[in-house]
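**Student:** Kindly generate the complete structure, drawing on both the sequences and the hints.
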Amino acid sequence: MELIRGQKLKLADVTTSAAFEVQIDVQSNLVVDISCFGLDETRKLSDDRYFIFYNQKTSPCSSIVLEASPHSAGFKLNLSALPPAIKTIVFAATIDQEGTMSAIGPSSLRLVENGKERLIFPFSGRDFASEKAVMVAEMYFKDQWRFSAVGQGFNGGLSALLKHFGGEEIEKIKETIPAAPKVNLGKVTLEKRGAAQKVNLTKQGQTVHINLQWDEPKGGFFGSSAVDLDLGCMYRLKNGDRGVIQPLGGNFGSQNGSPYIFLDKDDRSGAAADGENMYVFRPEEIELMVIFALIYEGTAEFTAVNGRVTIEHKGNFEILVPLNNPEGGKRFCAAARIEPDENSIRITKDELYFAGHVDCDRHYGFGFQWKAGRK
Amino acid sequence: MAVSLTKGGNVSLSKEAPNLTSILIGLGWDARSTDGGDFDLDASLFMLGENGKVRSDLDFIFYNNLKSADGSVVHTGDNRTGVGEGDDEAIKVELTKVPASVSRLAVAVTIHEADARKQNFGMVSNAFIRVVNQADQKEITRYDLSEDASVETAMIFGEVYRHGGEWKFKAIGQGYKGGLGPLASSFGVNV
Numbered sequence: 357m358e359l360i361r362g363q364k365l366k367l368a369d370v371t372t373s374a375a376f377e378v379q380i381d382v383q384s385n386l387v388v389d390i391s392c393f394g395l396d397e398t399r400k401l402s403d404d405r406y407f408i409f410y411n412q413k414t415s416p417c418s419s420i421v422l423e424a425s426p427h428s429a430g431f432k433l434n435l436s437a438l439p440p441a442i443k444t445i446v447f448a449a450t451i452d453q454e455g456t457m458s459a460i461g462p463s464s465l466r467l468v469e470n471g472k473e474r475l476i477f478p479f480s481g482r483d484f485a486s487e488k489a490v491m492v493a494e495m496y497f498k499d500q501w502r503f504s505a506v507g508q509g510f511n512g513g514l515s516a517l518l519k520h521f522g523g524e525e526i527e528k529i530k531e532t533i534p535a536a537p538k539v540n541l542g543k544v545t546l547e548k549r550g551a552a553q554k555v556n557l558t559k560q561g562q563t564v565h566i567n568l569q570w571d572e573p574k575g576g577f578f579g580s581s582a583v584d585l586d587l588g589c590m591y592r593l594k595n596g597d598r599g600v601i602q603p604l605g606g607n608f609g610s611q612n613g614s615p616y617i618f619l620d621k622d623d624r625s626g627a628a629a630d631g632e633n634m635y636v637f638r639p640e641e642i643e644l645m646v647i648f649a650l651i652y653e654g655t656a657e658f659t660a661v662n663g664r665v666t667i668e669h670k671g672n673f674e675i676l677v678p679l680n681n682p683e684g685g686k687r688f689c690a691a692a693r694i695e696p697d698e699n700s701i702r703i704t705k706d707e708l709y710f711a712g713h714v715d716c717d718r719h720y721g722f723g724f725q726w727k728a729g730r731k
Numbered sequence: 310m311a312v313s314l315t316k317g318g319n320v321s322l323s324k325e326a327p328n329l330t331s332i333l334i335g336l337g338w339d340a341r342s343t344d345g346g347d348f349d350l351d352a353s354l355f356m357l358g359e360n361g362k363v364r365s366d367l368d369f370i371f372y373n374n375l376k377s378a379d380g381s382v383v384h385t386g387d388n389r390t391g392v393g394e395g396d397d398e399a400i401k402v403e404l405t406k407v408p409a410s411v412s413r414l415a416v417a418v419t420i421h422e423a424d425a426r427k428q429n430f431g432m433v434s435n436a437f438i439r440v441v442n443q444a445d446q447k448e449i450t451r452y453d454l455s456e457d458a459s460v461e462t463a464m465i466f467g468e469v470y471r472h473g474g475e476w477k478f479k480a481i482g483q484g485y486k487g488g489l490g491p492l493a494s495s496f497g498v499n500v
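Chain order of the listed sequences is A and B. Counted from 1, the first sequence has number 395 at position 39 by the numbering used here; the numbering is strictly sequential. Counted from 1, the second sequence has number 449 at position 140 by the numbering used here; the numbering is strictly sequential.
Derived from the structure by calculation, the hints contain no laboratory data. This one's a predicted model, so the numbers in the text were calculated from it and none came from an experiment. Please note that a few of the clues may not be correct.
Unchecked claim - Each computed DSBU-like pair below joins lysine-lysine, with the alpha-carbon atoms no more than 35 Å apart:
| no. | chain 1 | residue 1 | chain 2 | residue 2 |
| --- | --- | --- | --- | --- |
| 1 | B | K477 | A | K366 |
| 2 | A | K366 | A | K519 |
| 3 | B | K427 | A | K364 |
| 4 | A | K443 | A | K498 |
| 5 | A | K443 | B | K447 |
| 6 | A | K686 | A | K554 |
| 7 | B | K447 | A | K400 |
| 8 | B | K316 | A | K443 |
| 9 | B | K477 | A | K364 |
| 10 | B | K447 | A | K498 |
| 11 | A | K519 | B | K427 |
| 12 | B | K427 | A | K400 |
| 13 | B | K447 | B | K362 |
| 14 | B | K447 | B | K401 |
| 15 | A | K364 | B | K362 |
| 16 | B | K401 | A | K364 |
| 17 | B | K447 | A | K366 |
| 18 | B | K362 | B | K427 |
| 19 | B | K316 | A | K366 |
| 20 | B | K316 | A | K400 |
| 21 | A | K472 | A | K413 |
| 22 | A | K498 | B | K316 |
| 23 | B | K427 | A | K443 |
| 24 | A | K498 | B | K486 |
| 25 | B | K362 | B | K376 |
| 26 | B | K486 | A | K400 |
| 27 | B | K427 | A | K432 |
Stated by the list, open to error - A few chain B positions that, by computed beta-carbon distances, are all more than 10 Å from chain A:
| no. | residue |
| --- | --- |
| 28 | A311 |
| 29 | V320 |
| 30 | A340 |
| 31 | G358 |
| 32 | G361 |
| 33 | Y372 |
| 34 | K376 |
| 35 | D379 |
| 36 | V383 |
| 37 | A399 |
| 38 | A425 |
| 39 | E448 |
| 40 | R471 |
Where is the CB? At the ideal position from N, CA and C, for every residue including glycine.
**Tutor:** Written as structure tokens, this is what we have:
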């Protein structure tokens, strides 16, 4: 059964089961978060634990469970196990960055029972104007469970939605919820050079994790042609401190003192599952940080190693920077840069190839003194 | 205590309020709480003969024709947003002045520019129609349309009609595709 905005029906008309899934698929280049709210009879979020989202994926009664992948989220519901105080369940889609819901493509909410689609509510950017938070649909109890295709929202985003539900401000709620592993709702790939993503640092002091991975070139045996890629960065902080962090010369940085950037380990083969990792503990202190990958040993070039850098802020965003425009003959790649953007940071894909550190420094204008080093 | 009706239900106004001479038909809905264009709902009333049609176009009482020729029906005016408690629009009827050739008063609500604004009744919350005795301002009956309003853009909320020597009210909750124009046409108004 296909619904249009405003349409209402009794759930019993489409399913006799109290256990089913609600699947929401949003087509968009933007990061669209899917969440769900269990409201009391006055349509208020009187219990914060019934705000189900990527940091709180299960309701206390386990009758609402979020399962999500990029741009898609499914809620497993069991209405019979829901506390009687919960009278309404609202499914919402929110954007926590630049852009509005008018930019989304063909999207849908589906109710699926035992693998069978019982209803579908298609919606798209044409239904919206400047909304950043949309109540896609709701289920509510009035004599019996009913379904309404809402499709209305708020320009003010998630915090406006929470205000509508009488809930606490989002920041307060997030503080009360222990951080949990992130689901990849915030996954963005910066495909092209110059592509940038502004991200919000919702929690001061939360760590940005940078990971470099690459593949061993095919045909090489037993390390004779193993490639060693190093992850490193050049940085300048707002307090004026500047420097280079890289395995070369053993400059691993520091977690507890300036620059609050720490390089975890040197994976010399690329075989370790987690690649090379660098952590930025105070991203808000950065004025300019250039993340680079360096081929230290081996005959391979960037053209053969399929390098990729991931920049992740747990529970917030995950940005993939594939090194997909490799140039032969150059062993130094400035993959991406991090800069401040108002109260947040902006990540821009550069993927510029240089003969080495000195050329890179010259390009970005750090002004370091260079001398040769070796691991 | 007012009689609460569900779709299709009816009540005798004359029995609930003996000596009833004049009523106020109140219509209400919640203002839009989300962002986007306001819900501008318009109430109108059709004075219908036995055949279910208006006697003339003047029997169509709406925002551009607020008073019937005989003065028995008066629309109190247009509300453009639904803001405020209580009735958003109201129509007063002097039952004793309604001509004998009129057997039914059909009360409809339509959404202004529904197509252009992509709106329907399913997006509007807490729509109701109620009948109040003007003599003592007591509510005689009320019909809450919340669960009966869905994708329609025009709806007959209720009907006040003669039954023997009594006046009765029926909760209709019947939707029409299209707006005020097609609805008026169906009652024989030349639009």
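**Student:** All hints are to be evaluated individually against the structure, with a verdict given for each.
**Tutor:** Against the structure, the hints:
| no. | hint | in the structure |
| --- | --- | --- |
| 1 | B:K477 x A:K366 | holds, 30 Å |
| 2 | A:K366 x A:K519 | holds, 28 Å |
| 3 | B:K427 x A:K364 | holds, 16 Å |
| 4 | A:K443 x A:K498 | holds, 8 Å |
| 5 | A:K443 x B:K447 | holds, 32 Å |
| 6 | A:K686 x A:K554 | holds, 29 Å |
| 7 | B:K447 x A:K400 | holds, 32 Å |
| 8 | B:K316 x A:K443 | holds, 23 Å |
| 9 | B:K477 x A:K364 | holds, 29 Å |
| 10 | B:K447 x A:K498 | holds, 27 Å |
| 11 | A:K519 x B:K427 | holds, 25 Å |
| 12 | B:K427 x A:K400 | holds, 27 Å |
| 13 | B:K447 x B:K362 | holds, 31 Å |
| 14 | B:K447 x B:K401 | holds, 14 Å |
| 15 | A:K364 x B:K362 | holds, 31 Å |
| 16 | B:K401 x A:K364 | holds, 32 Å |
| 17 | B:K447 x A:K366 | holds, 34 Å |
| 18 | B:K362 x B:K427 | holds, 30 Å |
| 19 | B:K316 x A:K366 | holds, 16 Å |
| 20 | B:K316 x A:K400 | holds, 28 Å |
| 21 | A:K472 x A:K413 | holds, 24 Å |
| 22 | A:K498 x B:K316 | holds, 15 Å |
| 23 | B:K427 x A:K443 | holds, 28 Å |
| 24 | A:K498 x B:K486 | holds, 26 Å |
| 25 | B:K362 x B:K376 | holds, 18 Å |
| 26 | B:K486 x A:K400 | holds, 34 Å |
| 27 | B:K427 x A:K432 | holds, 31 Å |
| 28 | A311 | holds, 20 Å |
| 29 | V320 | holds, 21 Å |
| 30 | A340 | holds, 13 Å |
| 31 | G358 | holds, 34 Å |
| 32 | G361 | holds, 28 Å |
| 33 | Y372 | holds, 23 Å |
| 34 | K376 | holds, 33 Å |
| 35 | D379 | holds, 38 Å |
| 36 | V383 | holds, 32 Å |
| 37 | A399 | holds, 25 Å |
| 38 | A425 | holds, 13 Å |
| 39 | E448 | holds, 22 Å |
| 40 | R471 | holds, 33 Å |
Checked against the numbered hints above, the structure violates none of them.
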